[in-house]
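Hey, can you piece these two chains together into the complex? The hints should help.
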Amino acid sequence: MDLSAINPLVLIASLMVASTPILLAALGELVVEKAGVLNLGVEGMMITGAICGFAIAVETDNPALGFVAAMAGGAILSLIFGVMTQVLLSNQVASGLALTLFGLGLSALMGQGYVGIKPPATHDLNFGPLADIPVLGPVLFSHDAVVYISLALVVAVWAVLKFTRLGLILRAVGENHDAAHALGYKVVRIRILAIMFGGACAGLGGAYISLIRVPQWTEGMTAGAGWIALAIVVFASWKPVRVLIGAYLFGGITVLQLNLQAAGVAIPVEYLSMSPYLITILVLVIMSADRSRAALNAPASLGRVFHASS
Amino acid sequence: MKRRTLLAASVAALGLASAGAAFAADKTKVGFVFVGPIGDGGWTYEHNEGRLAVEEHFGDAVETIYQESVPEGADAERVLTQMALSGADLIFTTSFGYMDPTLNVAAKFPDVKFEHATGYKRADNVSTYSARFYEGRAVQGTIAGHMTKSNVVGYIASFPIPEVIRGINSAYIHAKKVNPDVEFKVIWAYTWFDPAKEADAANALIEQGADVILQHTDSTAPQAAAEKAGNVITFGQASDMGEYAPMPRVSSIIDNWAPYYIARTQAVIDGSWTSVDTWDGIGAGMVGIGEISSAVPEDVKAEALALKDAIANGSYHPFTGPLKKQDGSDWLAEGETADDGTLAGMNFYVEGITGDIPQ
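The listed protein sequences correspond, in order, to chains L and R. Our numbering puts the first residue of the first sequence at 1, with every later residue one more than the last. Our numbering puts the first residue of the second sequence at 1001, with every later residue one more than the last.
Only chain R is shown next, with the shape it has when bound in the complex (with noise of 0.2 Å):
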C-alpha cells in the first residue's frame, strides 16, 4: 500500500507542478483488458492501437501492460485484481461481459481508476465508455438496402444485449426506408470471436440468400466467406478491413478509442478524474466510417455520406419516429426521438424483424 500512496503522491505532485518537466521516476501505469487477441483485426485490435496511441501520445511518463483473451466471467476478476496488484492507476476493460468483475474489484481498489467499456453500472471510481455504433448502423443499412438484389440481409449478431439489439434495428430501419422490401436474417453466434464459426454463420446466411452480410462479431472470418461466395457485400466492424476491400467490404464502422484513451489518461495524471459517463458517435469522432469503397454507385455513397453528415452534427438522429415495437405497439410518435435511457437498455426488435430476441 505504501508504493501505492507515493505513487498517488507523485502522481498528484504531477498535477501542481503542471510545468509537463518529466517526472521519469513514478510512471502511470494504464492497464488494458481485452476480449479477443490484438490480433482479431476488429474489435480488440481497435482498442490495441488506442492503447499504442497512449503510449506515444505520452512517451516516457506512462506505461501500459495488457492482456489478452481474457474470458468474460470469474477470469476478469482474477486478471483486473493482479493488474491492481501491479500498481495499475487507470484500468480499461474492453468488453460488455466485465461489467461485474469491475465493479467487483474496483470496491476492493478505491484508489484505482477504473473504466468500463459498453457498459452501464457506474462505481465512484469505475466511469463507462462507449460509442453510437448504431449510428453507423445507419449508415450501414441505407448503403445495404440500396445494394441488396435478393432483399435478404444476413445479420451475424454476438449475444443478445441492448448494444447488438441497438444495431440490429437501426441497421433495419434504415434499410427498410431505402428498400421497403427488405428482410433481415439474424444468426446469434453466441460468441464475440470464433472465426470458423463466424465462417459457417456467413455461409448459411449466404446459403439462404443474403448478398449482404453485417456482422457484429469481431473476426474478419466473414469477410473472407463472402469474397469466396463472390457477389456478397460486408461491411468491416470495428475496424476498417480494408484488406478486403473494395469488394466484399463495401465500407466500414470504425472505432477510434484513441482520444478518448489519451483524454482519461491525461484526468488520471492532472488528479481530475472522475467517474462520467460517456457515449460518443459520430459528430465526436469516436465512431468513424470507413471509406465507402467503387463497388457502391455514386448516388448511394453520396446519400451514405449525406446521412453521416446528418448525423454527425445533429440534425438527425437515427431512431427518429414514427416508430413501432416488433409487437406493432407505438413507440415513438412522428418527430420523437429515443432518448438515450431507452436506448441503453434496449432490448426489442423495431416493427417489421422477423424472429425472436433469443432470452
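If we strip away everything but chain L, and leave its shape as in the complex, we get (with noise of 0.2 Å):
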C-alpha cells in the first residue's frame, strides 16, 4: 500500500471533471421535476447531446459550437418528450423510458461515421499567474470552460428558484398546477419550456463526455450517467447546492476508488462503488419515513399529469 501515489490535488481537480456530466445533467433534471414533470429520459438526451456535439465540433473544428449544438439536440430530443407529456398528455414515466431508449438508438445511427475520429482539443482556461497558486491553482484553475459554467448554472439555478419571480412561477407550477393554472400562468408552455431546459443541460452533461472527459465518441458511451444523474436529484432533495454535493461525491468516489485501486489499497471497491447509490436509497428512506419533510422537498405534482379542463 502506498497512499503517498494519490495526489490529492489531482484527485480534487479530475474528481470535478469526473462530476461535470453528471452535475449538468442532474441541474437540468432539478428544474424539470421543479416544474412537476419527471423526465426519465435523461440518459437518451445525455447520449444525444454526446453525439451532436461531437458531430458538430469535428464537422466545425470549433469544440465551443459543438457544445451549442449538443444543448440544440438535446433540447430537440426533449421538445418530444414535452410535446408528447403536456400537449398528448401521455404517461411520463414511459415517455421518458422511451425517450431513452429513442436517443440511444439514435445517437448510434447518428455516429456511425465518427467512430475512431479525434474531436478538436477543448484548452483549459488560461487564468495566468492564478493558476500557479499552490493547491488552490491546480484544483480551482486549471479546468476548461464547461467546469465553470456548471459551476455557475449550480448558482443560477439556485438563485432564480429562490429569489425570482420565474422561479417563483416554476415552483408553483411544480406544487399545484391547478392552482398556477387558476392564476393564469400557462401550465403547460412553462413545461414544455423547463423541460427543453432540461434537455439542453444534459446534451451539454453528454457532450462534456464526448469531447473532453473521454475524448472520442462511442456507441452508448454515457454508460448509464443519465440514470445516476436522476438519483442525485432525489439525493439531493431538489435542491441545487445538494445537487452539486451529490454529484461530486459520486465523482469523487468513482475517482477514488480507481485511484486506491491503482495505489494498491485493500478495501473492497465493492463497497465504494455502491456507497453513492445506498446514500441514494438511505434518503429515500429518510424522506419517505418523514412525511412532512418529503413534503416540503419533493414538487407536490411532480409526475401528475395536468389539462386545464380539470
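Take these hints with a grain of salt, some might be off.
[What the hints assert, rightly or not] Chain L is faced by these chain R residues, among others (derived, beta-carbon under 7 Å):
no. : residue
1   : Pro1110
2   : Asp1194
3   : Ala1224
Derived by calculation from the structure, the hints in this document are not laboratory data. From the three backbone atoms N, C-alpha and C, an ideal C-beta is built for every residue, glycine too.
Structural data, given as C-alpha cells:
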C-alpha cells in the first residue's frame, strides 16, 4: 500500500472533471422536476447531446460550437417528450423511458461515421498567474470553461428558484398546477420550456463526456450517467447546492476508488462503488419515513398529468 | 417445430448433395449475441467483423442476425430464446457472462447449435471457443518492460475471471523478464465497456506514475486518455485500434474470429457439427499481433517479434517454469509448462505482483 502515490490535488481536480457531466444533467433534471415533470429520458438526451456535440465539433473544428449544438440536440429531443406528455398527455414514466431508448438508438445511427475520429481539443482556460497559486491553483484554476459554466449554473439555478418571480412561477406550477392555472399561468408552456432547459443541460453534459472527458465517440458511451443524474436529484431533495454536493460526491467516489486500487489499497472496491446508490436509497427511506419533510421537498405535482379542463 | 424440422431436413439435403448448388429457399441462420455495441472499436467490433466475414463467405446461403449490448444474466437468456425461436440454427454467444444462460437455453433447444466464447461449460449442442490472448500478452509484456521509464505499468482489468488473470500474469512475467524493476498497478473496472470509467481508470494510473497502460476492457477510451497525457504508451485490445498509432498505441492484440466462424457455420451446413472445445492462439491465427509502431526501438521490436514467432511455432510457452505463485509456493518447475486445465481456471497471481485478486 502506498497512499503517498495519490496526489490529493490532482484527485480533486480529476473528480471535478468526472462529476461535471452528471452535475449538468442533474441540474437540468432538477428544474424539470421543480416544474412538476418527471423526465426519465436523461440518458437518452445525454447520449444524443454527446453525438450532436461531437459531430458538429469535428465538422467545424470548433468545440464551442459543438457544445452549443449539443445543447440544441438535447433540447430538441426533449421537445418530443414535452409534446408527448404536455400536449398529448401521455404517461411521463413510459414516455421518459421511451426517450432514453430512442436517444440511444438515434445516437448510434448518427454516430456511424464518427467512430475512431479524434475531436478538436478543448483547452483549459488560462488564468495566468492564478494557476500557479499553491493548492488553489491546480484545484480551481486549471479547468476548461464547461466546468466553470456548470458551477455558475448551480448558483444561477439556486438564485432563480429562490429569489426571482420566474422561480416562483416555476415552483408554483410544480407544486400545484391547478392553482397556477387558476392564477393565469400557462402551465403547459412553462413546463415545455423547463423540459427543454433540462434537455439542453443533459445534452451539454453528454457532450462533455464525448468532447473532453473521454474524448471520442463510442456508442452507448454515457453508460448509465443519466440514471445517476436522476438519482442525484432525489438524493439532493431538489436543492441545487445539494445537487452539486451529490454530483461531486459521486464523481469523487468513482475517481477515489480507482486511485485507491492503483495505489494497491486492499479495500473492497465493491462497497465504494455501491456507496452513492446506498446513500440515495437511505435518503429515499428517510424522506418517505418523515411525511412532513418529504412534502416540503418533493414538488407536489411531480409526475402528474395536467389538463386545463381538470 | 414443423418449420424447424423442414429446415433441418433441407440442411441435411444440402449436405448430401454437397454440390455447392445454391438452395436459395432455406438459408442457414446464424445468430450472434454481443456484450457491447458493434461500434466499440474493440472486442465486439471484431466479433462483428467475423459475422460480416461469414456473410461474405456464404453469400445467400447464410443469413446472420445479431443483438448488441445484451447484459450478462437473465436478459441474455431472453435474447437467446428469442433467437432460437426465430429459427437460428447456430448461435454464437460472445462473452464470458453468457455461459449459464447459453447452457440453459441450449437445454431447451436441442436442435440448435450454440457456441460460447471464453467459457468452460459444454453440452451436446454447446461448444466453447476462445483465443489464447495470454500469448499476445507475453509479447505486450516484453515491449512494456522495455519501454517503461518509470517502471510502473498500469493495467485496467475488467472482471476477476481466469481469462483476465492469465493476461495479467503473462504480461507481468514477460515484462519482469526484460526489466526486473517493473511494477504492475492493477485497477479492476468491473465493466467490459464504459468509456468514461475506462478513461478515469487510465488517468488514475497515469497520475500515479504509470507510463504504460495495458487494458482488458473493450473501448478505445484509455488510448485517448494516454494520448492526452502524452509520453504514455498503450496497446490495442481485441482490435487493432490503429487510429491511435504510432503513439500512444505501439502494438495490439487482434482477435480474428472470422476463420472459426466460417468453419463452424460450414460444419452446421454439412451436418458435421459436434461439440468441441477450441482454444487457439497466435499459431492458428486466432490471435494476431498488430503492427509494432515506429515508437518502439528496432531491437525491442525484433525481440518481441522473435518471441511471437517462438510462441507461434510452439517452441516457447508463455507459462514456462520456474514460476512461483504470489504466496511463494512452487507452481512450475524449471522447464515445465502450464497445462490447459490450470490455465483455464487460473485464479492466482504469479510471484512479484502486488495486491489481491478481488473475490
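Hints, one by one, checked against the model:
Checking Pro1110 (chain R) against chain L by beta carbon gives a least distance of about 34 Å; that is not within 7 Å, so the hint is violated. At about 4 Å, the closest approach between the beta carbon of Asp1194 (chain R) and any beta carbon in chain L falls short of 7 Å, and the interface hint on this residue holds. Hint status for Ala1224 (chain R) relative to chain L: holds, with the closest Cβ pair at about 5 Å, below 7 Å.
Checked against the numbered hints given earlier, this structure breaks only hint 1.
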